[in-house]
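Q: Mind assembling these two chains? They're in different frames, but the hints should get you there.
These are the residues of each chain, in order.
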Amino acid sequence: MDFFIVQILTGLSNAAALFLVASGLSIIFGVTRVVNFSHGSFYMLGAFIAYSLMTVLPGFIGFWASILLAGVAVGVIGLIVELGVLRPIYKSPELFQLVATFGVILVIQDLALLIWGPDDLIGQRAPGFEGVVKIGDQLLPSYDLVLIFLSFLVLGGLWFLFNKTRVGILVRAATQDREMVGALGVNQSWLFSGVFFLGSALAGIGGAAQLPKGGADLLMDFNILAPVFVVVVIGGMGSIPGAFVAALLISELNVFGVQFLPQSTLVLMFVVMAVVLIFRPWGLFGRPEIVGSHGSQGPPEAPLRAFSGRLWLALAAAVIALTAVPFFGGTFLQVLLADVIIACLFATSLHFILGLGGLVSFGHAATFGGGAYAAALLVQFSGASMELAMLFAPFAAGLLALVIGWFCVRLSGVYFAMLTLAFAQVVWSVAFQWGEVTGGDDGILGIWPSAWASGTTAYYYLVLTVGLSGIATLLFMAYTPFGYALRGGRDSALRSEAIGINVRLVQWSAFIFAGFMSGLAGALFVFAKGSIFPTELEIARSFDALIIVFLGGVQSLFGPLAGGVVFTLLQDWLSRFEYWRLFLGLMIIGIVILLPNGLVGVGQWLRGRFGGPSNKLEEAQEEAG
Amino acid sequence: MLELERINTFYGRAHILHDLSLSVSDGEVVALLGRNGAGKSTTLKSIMRLVGAQSGRITYGGQDITALPAHRIAKLGMGYVPEERRIFTDLTILENLEVGRQPPRQGAPDWTPEKLFELFPNLEERRNNLGGAMSGGEQQMLTIARTLMGNPKFLLLDEPSEGLAPVIVEQVAFTIRELKKLGLTILLSEQNLHFAKLVADRAYIIERGAVQYDGTIEELERDEAVRNAYLSV
Ligand SMILES: Nc1ncnc2c1ncn2[C@@H]1O[C@H](COP(=O)(O)OP(=O)(O)OP(=O)(O)O)[C@@H](O)[C@H]1O
Ligand SMILES: [Mg+2]
Chain A
257 MDFFIVQILT GLSNAAALFL VASGLSIIFG VTRVVNFSHG SFYMLGAFIA
307 YSLMTVLPGF IGFWASILLA GVAVGVIGLI VELGVLRPIY KSPELFQLVA
357 TFGVILVIQD LALLIWGPDD LIGQRAPGFE GVVKIGDQLL PSYDLVLIFL
407 SFLVLGGLWF LFNKTRVGIL VRAATQDREM VGALGVNQSW LFSGVFFLGS
457 ALAGIGGAAQ LPKGGADLLM DFNILAPVFV VVVIGGMGSI PGAFVAALLI
507 SELNVFGVQF LPQSTLVLMF VVMAVVLIFR PWGLFGRPEI VGSHGSQGPP
557 EAPLRAFSGR LWLALAAAVI ALTAVPFFGG TFLQVLLADV IIACLFATSL
607 HFILGLGGLV SFGHAATFGG GAYAAALLVQ FSGASMELAM LFAPFAAGLL
657 ALVIGWFCVR LSGVYFAMLT LAFAQVVWSV AFQWGEVTGG DDGILGIWPS
707 AWASGTTAYY YLVLTVGLSG IATLLFMAYT PFGYALRGGR DSALRSEAIG
757 INVRLVQWSA FIFAGFMSGL AGALFVFAKG SIFPTELEIA RSFDALIIVF
807 LGGVQSLFGP LAGGVVFTLL QDWLSRFEYW RLFLGLMIIG IVILLPNGLV
857 GVGQWLRGRF GGPSNKLEEA QEEAG
Chain B
53 MLELERINTF YGRAHILHDL SLSVSDGEVV ALLGRNGAGK STTLKSIMRL
103 VGAQSGRITY GGQDITALPA HRIAKLGMGY VPEERRIFTD LTILENLEVG
153 RQPPRQGAPD WTPEKLFELF PNLEERRNNL GGAMSGGEQQ MLTIARTLMG
203 NPKFLLLDEP SEGLAPVIVE QVAFTIRELK KLGLTILLSE QNLHFAKLVA
253 DRAYIIERGA VQYDGTIEEL ERDEAVRNAY LSV
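Chains as they are written, first to last, in my numbering: chain A, 257 to 881; chain B, 53 to 285.
With the rest of the complex left out, here is chain B (with noise of 0.2 Å):
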């Protein structure tokens, strides 16, 4: 569904991205993993084109978006979650969800914000707060709902689990199996290989900008010298 074939990105002169190409099938959860500034986040923000991939080719349910502006591709029903959550803190919660809001699109569930409340129940007391009085686990939360508001069929998540207390991990591990169930296909960043066996079918680890190892979650279970190498523990 999703497709990298040989990206090259930078920022500004720095070559970040080296000819990376990975795959995401229909209805899979693919974990994207790798130490601190590895690329994964630069991996996401090219689909998204948040930056620009010098070359190479990014297809989406067989359309080339490469050079399409971020909001084509999120007209395309691709949703991008941004590690930094980026919450519009001057804007309540449920203004929050109209942001995010399109219209309904087919062959992906459709999301109203009563709906959103019932997966995250956290927010529903507090629709009316400001997004910047929020903590750290209702802001996932929010910025997650924010992105499902747009009704995707493929979800990225930019290290969903970064920096939350144990309990909401496993809510946020949670959501995305459910999410899964509905249909969505999901590509995640992940520090953290606990929270990947959770959720994912497949993994990529990725080193210096460049695709290390590529294989099913249990087969990196298994492979510890792979573990070792790539992944802090």
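Bound-form chain A, shown alone (with noise of 0.2 Å):
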């Protein structure tokens, strides 16, 4: 008994630091629309800031000073991003916000590098509360009971915030109606900063204290930013008695799962999840998002052009230049090309459902990733051949798109986003936590090509020719029937269903043929590489995609190619400085706010500006946009 009572503390105390970051994220969300994804940055920077105040301010009044002080300077600085970075594309499709709140994330992650160093920093323990006390037979860390009363106070503070003062009421109503709230006299950057500075506080303080039991490391950002998005899908979104009971629920079943199946802890939430969704997509307390009603979908694309014979020809002189590079490159340069055309591979399968079908993916490292282990596993366990291994692959990635997909792709927009995030996350845990057959952090080594493809140039004619295959293929079914159904459910999903199309399933059909093509490139990585570690199933692999897809231009057939090539030159030069992912991210944010249309759009807008006839009506449309 006294067991069970220390354990359900124990929960309540780790939910905490949960319940605090997912209530900020949801406050942000409710009123801006906006899911911030460098939320997890927050919390991180909350326990740096915090563990640097602490060794300034001593003693008992400065602990809990610092602990404040840092909840302060966070929600400064998601201030500081609210205005600087979110501002100028609040009427940018939800898209261009995910990418923008990513690149926050990478500037984050190099600034805390370059302030605290890359070691794990160990919190001071809470002056006062460094003891244990007895329930029974059974000890309980004193300062567990802090973190419980913590998140009681915040609760009960929120309530009266949201209750009881005009902002609260206001922030309430701008949940519900933003711009009738406008017209009613509110000025509403007030409220999204004022959000944004208290969701970001929240989240500071959820860092900094949990400072004495978690520390403070680099890995805090995307470690948290799994199980926010899994307490607030089931939740509700904006909900914040939802994030309170499902930060309960998290935390409580993965105490319990340590002591019962100590294996499966990280699985277990997302198992929680997918439960609470199947019976109510929208969690617990949320409701349903009703499409469009917030006005980011951006303004309608320009129907497919057929292939111009101009870029058939430039399209086969690409394969001719491709095919020749060998007798004139280096074995570098093969190695980098077949970099290119993997990514290439992997973010075209990406833009056939985010581009043509709407649906923004953020975990489609799952599939790429999940491709390479199948194909990795299989040679490892049954002594498979290459060919067989990437015959196979695909398959198993397909699968793996059939059931996330069977989840998500009842869920639309941020939802959808934070949801494959989410799974991606279970696949990438699979592989983290199941030692004896992923090898764990270890990695699988040693899984090289047969013998024929085995030289570098072989292997770059074989990823040439697989890789270019399947770019084609994904290309081809764009202008096929199910690539115009699956255009048609993006840009009106009730149109689509009265002209007797079952959106959800082409959706469906759509993530799994692009799971399975992303699978494939997975499986040229693994063999190119030789080896695979989990980190190829990591929220920053889903978001190579998305950048590269994000930079040629979403609404552009090619971009994901020019974002490809781009991406893999630019990493392979930017990985060369040590604070890359501070160039890179800054870059991002750069891109976002003043290239939406991304490096496609840039050479079209060259082309309108100094050759052919400028297009009147495209005018016409910025202009009314």
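In case anyone wonders, no lab produced these hints; they're calculated from the structure. A quick note: this is a predicted structure, and the numbers were derived from the prediction, not measured. Fair warning: there could be bad hints in the mix.
In silico DSSO-like pairs for lysine-lysine, Cα to Cα no more than 30 Å straight-line [said to hold, decoys possible]: (1) LYS232(B) <-> LYS167(B); (2) LYS420(A) <-> LYS167(B); (3) LYS420(A) <-> LYS127(B); (4) LYS127(B) <-> LYS347(A); (5) LYS249(B) <-> LYS205(B); (6) LYS232(B) <-> LYS249(B); (7) LYS233(B) <-> LYS127(B); (8) LYS167(B) <-> LYS127(B).
Simulated restraints, written as ranges between beta carbons of each label pair [claimed, not checked]: (9) ARG536(A) <-> ASN174(B): 33 to 43 Å; (10) LEU339(A) <-> SER187(B): 40 to 50 Å; (11) ARG760(A) <-> GLU273(B): 54 to 64 Å; (12) ARG751(A) <-> THR164(B): 46 to 56 Å.
Calculated Cβ distances over 10 Å to all of chain B for the following chain A residues [unchecked claim]: (13) ILE371; (14) ASP375; (15) PHE512; (16) LEU701; (17) TYR717.
Cβ atoms here follow ideal geometry from the backbone N, Cα and C, with glycine treated the same way.
A: Here it is, written out as structure tokens:
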């Protein structure tokens, strides 16, 4: 009995940080409709800043002042992000905002590395709460009780704020209809900045308060992100009580999971999420989102153009040039180009669902790494040949996409994005935790191509053939009735349903197909490198694909190719610098704000500017938009 | 007091208002009549800049408000009551009123929830009920009351009688006349000529986004040809 009480209390105290971070995310989303992917970074900053403050502010008062001040500092940082990064793009499509906040993650990661160094920091104990309390024959750190108290304090404080103060009432009203709030004379900019400050401060306090328990390290940002998304998805986006209940649920589950199923703690919470979503797609306390109710759909896209003769010529020239590379380029160039082609295939498969289907997946690495692992495992455990493994991998990835997609296509917009990210984390955690099979953190080594394909040039040709075929298939699919149906579902789900298209089924099939192709890219990757590690399943890998698609321009079929080339070369070059994430992050933010149509958009703009008749319709539309 | 000069408004590529001009003088109640889809709501939304006019000029009290954001226009004493009512369904009646509250304004009545409950007695006993739990008539009262909490001098009312039972329509008409007595200037959109006759001094008829007729209510009453051409009976 005492054991259970202590377990429950431990769960409650673990829930504190999760609740603070998740409620902050929820509040920000409610008003601004932005899912702040950098929210985990705010949590991390809270821990680091509090750590530094505690070294200068001693004693009991210093400890608590540090936590509070860390919250304020992170709130101010959130405010800076809101004003500098998000304010210019509130009217842009959701994807732009998500990508911009990802840029913020990169920037904060490197700034934290720069300021606090690479080592994990151990948090100071809370003065007065260093000991343990005895509950029956069980022991509980007394600081756990403090954290439990803190989460109830915050819950009560938020309840008071939202129900008893004018600002809180305005925030609730704006969560429902912010335009109407504006028409009643309330300056929304203040509300937006206000909730960003509050939400970020909560994340900061969450990070600071868990310092005595968990310390501060550079992985905190991504580590908290998946559980936080799980919490808001289970609780319902925008609901504070939902965040509280879900944070509790997840934490208790973890605590008891460790006792009874120690190998599956990470997977467990996703199972709960999946179950909740089957019965309540909008979470326990959430409500259905009205599609397009917040005007972030972006302008309608121009229809696909048929390939012109000039384009065919250019493509043929590109293929010939790539084929000729081994005759003049060295090993280095061939390896680099193989990487480029793999990245292009990976990104094109994402573009298929994202650009054509409007499904913004933040977990595309699941199928890439999934395919790679499938191939590696087959080789490892059955000694299969490369050919067989490469054939097997896309099907395995497609099967994975089938399962993930079944849950995800039921949702749309940011919910879809969060859910795909969360599922990708499940796959990651399986690879990470299931050491006996996947090798865990050590990965799987020694996965080399068959003899005939083992030279650099031979493998380059293999990648060229398979990769380009994959890309060509994806592009071709855009022009089939299936591709049209997919685009139709993106532009107007209602109208598509009306003409007899089962939009969800089309989206699900597209998701599976994209997963299949992404798995193929993963298989090419694993034999190119000879090894596979859980990093290929990480959030960062999913973002690589997103950034490529984004860099190239979402609205262009060839965007992922242009983006893939530029991104891979850029990464190759940037990774020589210690703080390359900082540059990349700043660049992403800059592109989002300044070049919303990507590289291909720049090309079109140049063409429109310096040649060819200008498109009057588009201009009129731009003015109207 | 309010002047629209040749405004043009688009939704995306759809050109809705074509060189639309109208004016409302201090203390007047003016009705904007026209069939479904004529552009009445779009006109009111353009004034409030909930949808931006592409060209033309809108002045209010001598000030150019064409490019001001909605909240600034509201702060100048312009109250907007949307056609869809847009009650905050998760908020109580009192909280809905609180969202609309603005500081007192010179030259405009100074509203409090208590004074509004005198004007709309049905709301009083339900003050702590959620906005979402009210009938259509009560929601219409609440949306007007909520806007009045901003102490406006000028009121934009989008189809205030739409979908209401006859008794409630009478009540809304009474309210509008009361507001006029208190010195408010009102521009309202209507499909229902009968209702417009109850409250308005003057009327514009809009058809396909342009003004087709402009005159006093009495003139319009006499002009059967115009009525038949532009208003559904
Ligand atoms: N958000 C929108 N997007 C695109 N078109 C719109 C939008 N709102 C209105 N329209 C179109 O603009 C035109 C004018 O609409 P508006 O709502 O101003 O008409 P109305 O006179 O208020 O009609 P009603 O009496 O039905 O309220 C209509 O053809 C309508 O279809
Ligand atoms: Mg209307």
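Q: Determine for every hint whether it applies to the structure shown.
A: Outcome of the hint check:
| no. | hint | in the structure |
| --- | --- | --- |
| 1 | LYS232(B) <-> LYS167(B) | 16 Å, holds |
| 2 | LYS420(A) <-> LYS167(B) | 22 Å, holds |
| 3 | LYS420(A) <-> LYS127(B) | 24 Å, holds |
| 4 | LYS127(B) <-> LYS347(A) | 23 Å, holds |
| 5 | LYS249(B) <-> LYS205(B) | 22 Å, holds |
| 6 | LYS232(B) <-> LYS249(B) | 14 Å, holds |
| 7 | LYS233(B) <-> LYS127(B) | 22 Å, holds |
| 8 | LYS167(B) <-> LYS127(B) | 21 Å, holds |
| 9 | ARG536(A) <-> ASN174(B): 33 to 43 Å | 35 Å, holds |
| 10 | LEU339(A) <-> SER187(B): 40 to 50 Å | 43 Å, holds |
| 11 | ARG760(A) <-> GLU273(B): 54 to 64 Å | 55 Å, holds |
| 12 | ARG751(A) <-> THR164(B): 46 to 56 Å | 48 Å, holds |
| 13 | ILE371 | 39 Å, holds |
| 14 | ASP375 | 47 Å, holds |
| 15 | PHE512 | 34 Å, holds |
| 16 | LEU701 | 55 Å, holds |
| 17 | TYR717 | 49 Å, holds |
Every hint from the earlier list agrees with this structure, and none is contradicted.
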